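**Student:** Sequence:
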Amino acid sequence: REAMPISPGSSDEAVSFERTAVLLLGLQNEYFSPEGVLHSMVSHSSAGVLARTAEFLNSLLDTDTLFLSVPTAFPEKLAKAHRPSGLIKHFLDRRAFGEGS
1 REAMPISPGS SDEAVSFERT AVLLLGLQNE YFSPEGVLHS MVSHSSAGVL
51 ARTAEFLNSL LDTDTLFLSV PTAFPEKLAK AHRPSGLIKH FLDRRAFGEG
101 S
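In this text, residue positions in the sequence shown follow the numbering used here: the first is 1, and each later residue adds one.
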C-alpha cells in the first residue's frame with residue numbers, strides 16, 4: 001500500500017506504513033470479557049470500542065505497519081511489597097491484571 005495522507009486533503013505529509021507502529025495498551029479480558037473483574041467499568045462502551053479497534057486494525061493488515069500489544073500486569077508480590085493506593089489498589093484488591101488475565 002502507498003503512503004496515505006495524515007488527514008483528508010493533506011498531501012504534503014503522509015503516513016509511511018513501513019515506519020509506523022500501532023501500540024495497543026491494556027486491551028485485555030479484565031475490561032472486555034463479560035467475566036472480567038473490571039468489565040462493569042466499561043460495559044456501556046466496550047462493544048463499540050472493540051468493533052472500532054478491529055475495524056482500524058483490519059484496515060492496516062495489508063500494510064507494513066507493526067502491531068504491538070502490551071498487556072497490563074501486576075504481579076501478586078507487588079501488593080505484598082508495597083502499600084498500593086488509588087487505582088493500583090483498586091486493581092490489586094480485585095485481583096485484576098494478574099497472571100493469565
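Worth flagging that the hints you see were computed from the coordinates, not collected in a lab.
Do not rely on the hints blindly, as some may be mistaken.
Between beta-carbon pairs, the in silico distance windows are [unchecked claim]: (1) D93 x A54: 27 to 35 Å; (2) E55 x E18: 21 to 29 Å; (3) S43 x V15: 27 to 35 Å.
Calculated pairs, EDC-like style, for lysine to aspartate or glutamate (alpha carbon to alpha carbon, straight line, at most 16 Å) [what the hints assert, rightly or not]: (4) K77 x E99; (5) K89 x E76; (6) K77 x D93.
The structure displayed is predicted, hence computed values, not measured ones.
Ideal placement from N, C-alpha and C gives every residue a C-beta, glycine not left out.
**Student:** Is 21 to 29 Å right for how far apart the beta carbons of E55 and E18 are?
**Tutor:** For E18 against E55, whose Cβ atoms are near 22 Å apart, the range 21 to 29 Å holds.
**Student:** Taking 16 Å as the top limit, are the C-alpha atoms of K77 and D93 close enough?
**Tutor:** It holds: about 13 Å lies between the C-alpha atoms, which stays within 16 Å.
**Student:** Do the beta carbons of S43 and V15 sit within 27 to 35 Å of each other?
**Tutor:** 33 Å, holds
**Student:** For the pair supplied as a hint, K89 and E76, is the alpha-carbon distance within the 16 Å limit?
**Tutor:** 12 Å, holds
**Student:** Lying within 27 to 35 Å: is that true of the beta-carbon distance D93 to A54?
**Tutor:** Hint holds: Cβ distance 31 Å, inside 27 to 35 Å.
**Student:** Next pair to validate is K77 with E99; report whether the Cα-Cα distance is within 16 Å.
**Tutor:** With a Cα-Cα distance of about 12 Å, the restraint between K77 and E99 holds, given a limit of 16 Å.
This entry satisfies every hint, going by the numbered hints stated previously.
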